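**Q** Numbering (my numbering), first residue to last: 1 to 76.
Don't read these hints as lab results, they were simulated from the structure. Fair warning: this is a prediction, and the values are worked out from it, not measured in the lab. Watch out, some of these pointers could steer you wrong.
[Stated by the list, open to error] Label-pair restraints from in silico Cβ distances:
{"#": "1", "residue 1": "L62", "residue 2": "K36", "range": "52 to 60 Å"}
{"#": "2", "residue 1": "E49", "residue 2": "P28", "range": "30 to 38 Å"}
{"#": "3", "residue 1": "E68", "residue 2": "Q40", "range": "52 to 60 Å"}
{"#": "4", "residue 1": "D45", "residue 2": "K73", "range": "29 to 37 Å"}
{"#": "5", "residue 1": "K36", "residue 2": "M75", "range": "51 to 59 Å"}
Note that beta-carbon positions come from the ideal geometry of N, C-alpha and C, so glycine has one too.
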Amino acid sequence: MVDVDVQEMPSVCGTAVREGVTVGLDEPDDYMRYKKLEKQLEHLDVMEEYVKLETRNLEKELLHAQEEVISIKFMN
Numbered sequence: 001m002v003d004v005d006v007q008e009m010p011s012v013c014g015t016a017v018r019e020g021v022t023v024g025l026d027e028p029d030d031y032m033r034y035k036k037l038e039k040q041l042e043h044l045d046v047m048e049e050y051v052k053l054e055t056r057n058l059e060k061e062l063l064h065a066q067e068e069v070i071s072i073k074f075m076n
């Protein structure tokens with residue numbers, strides 16, 4: 001087996017081999033980006049649920065208001 005110095009081994013896809021272990025050079029940046037996007041997705045999911053709930057409530061409120069308008073018309 002031939003020992004190869006890290007400087008002699010070219011970087012392939014942003015990785016380098018050191019003592020038999022592959023180390024991702026972009027790993028912290030990619031991981032942080034992944035976590036940030038994961039957090040944004042979670043926030044958007046919460047917002048989506050809120051919008052759906054609010055839409056249902058507004059539809060109920062509209063129906064109630066329409067019923068009130070009809071009852072007011074019959075009273076006059």
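**Q** Indicate, hint by hint, whether the structure satisfies it.
**A** Evaluated hints:
1. Remark: the range hint 52 to 60 Å for L62 to K36 is contradicted by a beta-carbon distance near 38 Å.
2. Look at E49 against P28: about 32 Å separates their beta carbons, and that is inside 30 to 38 Å.
3. The given range of 52 to 60 Å is broken by E68 and Q40, whose C-beta atoms sit roughly 41 Å from each other.
4. Taken as a hint, the range 29 to 37 Å is violated for the pair D45 and K73, whose Cβ atoms sit roughly 43 Å apart.
5. A hinted range of 51 to 59 Å holds for the C-beta pair K36 and M75, which are about 58 Å apart.
When the structure is compared with the earlier hints, violations turn up for hints 1, 3 and 4 and for no others.
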